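Novice: Spelled out from the first residue to the last, the chains are:
2 protein chains.
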Amino acid sequence: MSATTGSTTTKQTTIEADPEVPTITMTREFDAPPERVFQAWVDPELFVQWIGPRSIDTRIEHWDARTGGSWSYTAEREDLHETFFGSFHEVRSPERLVQTFTWGGEPDSVSLETLRFEPLEGGRTRIVGVSVVESMELRDLILSSGMEVGVNEGYEKLDELLARG
Amino acid sequence: MSATTGSTTTKQTTIEADPEVPTITMTREFDAPPERVFQAWVDPELFVQWIGPRSIDTRIEHWDARTGGSWSYTAEREDLHETFFGSFHEVRSPERLVQTFTWGGEPDSVSLETLRFEPLEGGRTRIVGVSVVESMELRDLILSSGMEVGVNEGYEKLDELLARG
Chain G
1251 MSATTGSTTT KQTTIEADPE VPTITMTREF DAPPERVFQA WVDPELFVQW IGPRSIDTRI
1311 EHWDARTGGS WSYTAEREDL HETFFGSFHE VRSPERLVQT FTWGGEPDSV SLETLRFEPL
1371 EGGRTRIVGV SVVESMELRD LILSSGMEVG VNEGYEKLDE LLARG
Chain F
1251 MSATTGSTTT KQTTIEADPE VPTITMTREF DAPPERVFQA WVDPELFVQW IGPRSIDTRI
1311 EHWDARTGGS WSYTAEREDL HETFFGSFHE VRSPERLVQT FTWGGEPDSV SLETLRFEPL
1371 EGGRTRIVGV SVVESMELRD LILSSGMEVG VNEGYEKLDE LLARG
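First to last, the protein sequences are chains G and F.
Each number in my numbering comes from the position in the first sequence (counting from 1) with 1250 added on.
Each number in my numbering comes from the position in the second sequence (counting from 1) with 1250 added on.
There's no promise every hint is true.
Unchecked claim - Derived coverage of chain G by chain F (criterion: at least 3 residues anywhere in the stretch with Cβ under 8 Å from a Cβ of chain F; other residues may be distant): (1) 1270-1282; (2) 1346-1355; (3) 1368-1374; (4) 1377-1389.
Everything labelled a hint here was simulated from the structure, so no lab data went into it.
Note that this is a predicted model, so its numbers are computed, not measured.
All C-beta atoms, glycine included, are put in the ideal place defined by N, C-alpha and C.
Use the sequences and the hints to build the structure in full.
Specialist: Right under this line is the structure:
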């Protein structure tokens, strides 16, 4: 699961399913400091430019990126119109972001997502995201949904956004 | 872990740790319909009357019980002053409530809590609450914290509140 863009070095996104608990852990490095990568997650004008696969457009419906706030957006292409919603449990800039996440089509399946932004040498950042759900079945269903396409293409777009400065 | 009060029949609260996943499941029945039990969870004036052990007073700091809202409260007695906070991920009255939960003293330990309100014969309700965290270690730490005292005494107080009508 590696991604190459024209403007940056090849970057590897690691997506791991824990064998013991129903979590998915994603790890990725970016060529920008934590403050800028964090900002791309919480500023809705930046977020819509990179989230998800290249084939969809994201439209923010609601966005209040503070501890105790919430969000919702729609992912759209010709044949698709999907809503997603959740809460910002904690926004601790620039190191930690804890959110809930639900696809509107399956509202009883909720993920709790914790994202850590770790500073690296040279003004770079490693993000480590852990999603947990209630059961192994749901975790495996999420993994088999093709999520890695959206993750990899999204992170490529985020590389491009960060390179534009 | 049973609880008896003067005014109601003996009720059993079941607190189960799943052997496979880091969840805690709590089950309890109440002598009131789902609408009234749900209301006792989302109305802050009712909530403070029953949440937690008998030895503490609960003071609401913030309360916005709607999908995408959030909450925080303080638990107080002479030697104690603890804050708790979280989000209302979904408020689906009167059947389902999904929240995040954090003790302020350990802000990196977050639970995702789903509460179902199941109607029973005779205008009664069974609640089934599932809390999930990222690791077995954190789940076992929560279980060993003496949480069952607050849960059992709280549910006794809720019985009394519901009996007062």
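Novice: None of the hints should be skipped; say for each whether it holds.
Specialist: Hint-by-hint comparison with the structure:
For the region 1270-1282 of chain G, the stated coverage by chain F holds: 4 residues have a C-beta nearer than 8 Å to a C-beta of that chain, and at least 3 were required. Counting residues of the region 1346-1355 of chain G whose beta carbon lies closer than 8 Å to any beta carbon of chain F gives 4, which reaches the threshold of three, so the coverage claim holds. For the region 1368-1374 of chain G, the stated coverage by chain F is violated: 0 residues have a C-beta nearer than 8 Å to a C-beta of that chain, whereas at least 3 were required. Counting residues of the region 1377-1389 of chain G whose CB lies closer than 8 Å to any CB of chain F gives 6, so the stated coverage by that chain holds, three being the minimum.
Violated hint for the displayed structure: number 3, the only one.
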